[in-house]
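Visitor: Which chain is which? The protein sequence lines are R and C, in order. Just so we're aligned: the first sequence equals residues 1 to 404 in our numbering. Just so we're aligned: the second sequence equals residues 1 to 438 in our numbering.
Every clue listed holds true.
Residues from chain R that keep clear of chain C, each with C-beta distances beyond 10 Å, as calculated:
{"id": "1", "residue": "6"}
{"id": "2", "residue": "242"}
{"id": "3", "residue": "325"}
{"id": "4", "residue": "370"}
Okay, the calculated beta carbon distance ranges per label pair:
{"id": "5", "chain 1": "C", "residue 1": "341", "chain 2": "R", "residue 2": "324", "range": "29 to 39 Å"}
{"id": "6", "chain 1": "R", "residue 1": "383", "chain 2": "C", "residue 2": "381", "range": "24 to 34 Å"}
{"id": "7", "chain 1": "R", "residue 1": "261", "chain 2": "C", "residue 2": "243", "range": "21 to 31 Å"}
{"id": "8", "chain 1": "C", "residue 1": "189", "chain 2": "R", "residue 2": "261", "range": "16 to 26 Å"}
{"id": "9", "chain 1": "C", "residue 1": "173", "chain 2": "R", "residue 2": "261", "range": "18 to 28 Å"}
{"id": "10", "chain 1": "C", "residue 1": "189", "chain 2": "R", "residue 2": "390", "range": "49 to 59 Å"}
{"id": "11", "chain 1": "C", "residue 1": "53", "chain 2": "R", "residue 2": "172", "range": "41 to 51 Å"}
{"id": "12", "chain 1": "R", "residue 1": "187", "chain 2": "C", "residue 2": "230", "range": "18 to 28 Å"}
To give an idea of the chain R side of the interface with chain C (calculated C-beta under 7 Å), a few residues:
{"id": "13", "residue": "63"}
{"id": "14", "residue": "296"}
{"id": "15", "residue": "301"}
By construction, these hints were calculated from the structure, which means they are not laboratory data. Ideal Cβ positions, reconstructed from N, Cα and C, are used throughout, including at glycine.
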Amino acid sequence: MQIKPVLAALRRHRLATLLIAMEIALACAVLCNACFLIANRLQLTRINSGIDEASLATLVLTGYDPASAADLNARVLDGLRKIPGVQSASVINAVPFGNHAGTAGITLDQAGQKAGGVVDFFVGGPGSFEALGLRVVQGRAPTAADLQPVVDFVPKDAAVLVTRALAAHLWPGVDPLGKEFWCLTWHFRVIGVVDHLARPGGGEGGPDTVEWSVFAPGLPGKNLAGTYLLRAPPGRLDQVLRDARTRIARMAPDAVLDTSASQTLGTLRDRYFRDDRAMVGMLAGVIAALLLVTALGIVGLASFWVQQRRRQIGVRRALGATRADILRYFQTENFLIVSFGIGLGMVLAFGLNLALMSQYELPRLPLYYLPIGALVLWGLGQLAVLAPALRAASVPPVVATRSV
Amino acid sequence: MFGYYLDLALRSLRRNRMLTALMVLAIAVGIGASMTTLTVMHLLSGDPLPGRSATLFYPQVDPDPDPRHQHLPYDVMDYRSATDLWSAHRADAQALIAHASLKLIAPGINLPPLMARTLSTTADFFPMFAVPFRYGGGWSAQDDASRARVAVISSDLNNRLFGGADSVGRTLRLKGADVRIVGVLAPWRPSPQFYDVAGGRFSEGQTASFYGKTEEVFAPFTTVQDIAGDGFDLFTCWATPQGHQQVSPCAWVALWVQLGSPSKASGYARFVADYAAQQKALGRIGRADNTQLRGLMEWLDFNRAVPRDVRLQTWLAFGFLLICLFNTIGLLLAKFLRRSGEIGVRRALGASRAAVFAQCVVEAGMVGLLGGIGGWLLTLLGLWLVRRQPTEYADLVHMDVAMFLTTFVLAIAASLLAGLLPALRASRLAPGLQLKTL
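Based on the sequences and whatever the hints tell you, model everything.
Guide: Following this line, the structure appears as structure tokens:
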């Protein structure tokens with residue numbers, strides 16, 4: 001296929017060519033970045049919480065008298081364990097995707113000079129570590145001997161487990177077992193490392209800090225009460241939670257049940273990522289609308305060109321060009337324009353990505369998005385120009401002999 | 001002449017309905033997307049108290065006793081600093097803000113106890129922020145001083161407990177203590193809940209909670225201290241919390257002041273700095289230079305109150321509008337050049353280039369008007385979709401008069417802009433060439 005005649009013809013319609021190219025360039029920039037944003041958000045929603053979400057539910061009680069917290073714990077745990085289907089009931093201070101309970105800044109030295117970042121403390125009573133189903137990759141799980149009373153929000157001198165991500169951040173490349181860290185006057189010693197444990201709702205520091213969690217075993221009492229962890233087989237979990245919510249009034253008439261926070265872990269996770277999913281939906285809608293509008297624009301302009309060049313097409317056909325030749329001509333012309341637009345679009349895509357990086361903490365656009373965007377737009381262009389090109393190909397040669 | 005151009009425009013649009021439909025659709029979709037996101041942005045980033053926001057200020061004092069710690073002052077103050085500043089009564093009006101969640105029982109009403117979010121504040125809160133009342137009113141400064149057991153409840157709570165009736169004079173049991181209702185608010189949804197905004201810069205853009213519903217109960221600060229004791233919500237602590245919350249190393253009380261003029265504002269800023277210097281001399285705080293006095297809008301900006309996703313969506317929608325514009329330019333170009341024969345005849349009959357240009361621009365404006373109508377309908381659809389999302393600000397979203405006018409202005413402006421280039425091109429057609437090939 002000869003390119004030079006196509007280019008020569010395009011040079012006579014510079015404005016329209018430039019318009020389609022600019023439209024394709026903008027579409028390429030928005031398409032690449034929107035797809036990247038979608039991939040980014042979807043990746044966020046797939047974080048590994050490290051726990052057996054399908055088997056766990058949480059109950060949150062508030063408004064009780066702190067002096068009778070131990071009695072409340074005893075009554076509630078006793079009542080919860082009697083519910084048919086419950087495998088275990090334990091006290092815990094927070095759950096992943098739930099409300100914050102013990103967020104604090106830690107330091108690597110007792111004097112408080114070397115900051116370690118802001119982490120979330122999970123404090124669980126007997127049975128909670130096993131109920132969560134955390135996987136220990138180094139060291140050991142907490143035992144009954146490690147249980148200590150909770151002072152304010154976490155035990156004073158505790159043996160704790162950290163996540164792999166936190167250990168890599170605090171002590172990169174070094175065995176974390178036996179290492180110590182402090183939070184003001186609280187002191188912690190690492191006895192084990194778990195694979196994953198997501199912290200409750202968000203946190204300072206960005207998406208890299210999602211797994212900066214510490215698990216400390218603690219004795220239920222005045223400072224560890226009100227939030228309970230239920231474990232049941234996945235099929236019966238909803239029924240167990242419903243039973244628990246109806247029976248809680250009898251178990252603890254003095255407390256108020258926080259209905260929105262007392263859910264299965266699956267529900268809490270869905271709710272936590274609700275905004276991200278909505279954003280993904282909106283982005284997908286924008287991409288679809290964008291591709292539609294671009295395609296319609298190409299169809300409109302190409303139809304106009306075909307109509308403008310009817311006589312030329314008729315002359316070519318009279319001189320011996322086949323229908324396939326005419327079709328191929330228009331498709332090549334569209335391919336060249338779209339390529340020009342894509343070339344410009346790559347630059348725009350990077351520019352847009354830099355702007356988004358500075359404003360919205362997005363990582364850099366990976367290079368493989370550009371060929372994908374290019375392929376999509378080439379395909380779209382070819383598809384859009386098909387109908388006008390077929391109409392051009394059906395122009396009969398006799399048009400060349402007519403003067404009207 | 002304008003009527004003639006309109007007539008020509010309508011004829012031309014009717015002649016090729018397909019092309020017209022494509023153009024109007026492109027503009028409508030672009031305008032619909034842009035105006036939906038712009039309306040949400042306008043509602044979330046607007047002034048919550050138009051006319052008053054310039055007189056409201058938020059003082060901050062850094063209560064950290066360690067002078068080596070280099071950080072911006074905490075978003076709220078500790079008990080001592082806030083109450084000292086409030087007791088000095090140096091501003092035209094001032095309101096302390098603290099939060100607690102207290103168990104609420106309505107005696108005589110057969111409903112289970114609920115946890116009511118309680119805003120502990122002072123008497124100036126209601127006149128300062130122009131809070132609307134449905135029944136009764138706020139409490140007085142004497143009630144603050146005498147720790148009176150009074151409270152104001154929100155419209156939602158009144159509906160839930162008393163079915164919307166006039167409940168002034170009835171009692172509620174807050175954490176075991178009886179309080180008398182002195183006022184019921186009318187439905188009040190400031191956007192955002194500016195008096196509660198704090199810690200926004202640590203939220204990674206997820207600030208939708210700033211646009212939720214107001215607290216259920218409003219009670220005097222002194223009264224809630226009597227009732228709740230140490231039950232206030234803490235913002236942060238810089239050392240191990242010990243002892244009563246009033247002396248604990250924690251930040252949990254905020255102060256809003258009203259200062260009628262810029263000179264009063266600078267005077268108050270000096271007062272806050274002097275207070276910090278005095279406290280540093282007494283050895284209670286570490287840094288005297290770490291004070292701030294920000295205006296209301298400045299404070300909202302500092303906390304990045306508008307959720308990050310809303311901003312992103314607005315930019316995305318405008319990028320989409322730009323693409324639709326380019327689309328429209330191309331299609332308008334096609335439409336005008338298709339009529340080159342007719343334009344040639346008009347030029348031959350004596351129309352100037354400017355006349356042709358004007359007529360083409362009027363046609364573009366007509367397309368913009370039709371696109372604006374379609375865009376307005378699509379915006380209403382878009383806003384309906386936004387209202388169905390389970391976000392805190394979803395029920396705030398509606399189209400107001402300003403946004404309605406903006407829709408049409410944007411549509412017509414966009415299409416006029418889009419039509420300039422094709423109109424120019426059409427007006428420069430050589431008439432002779434067109435007449436020859438007729």
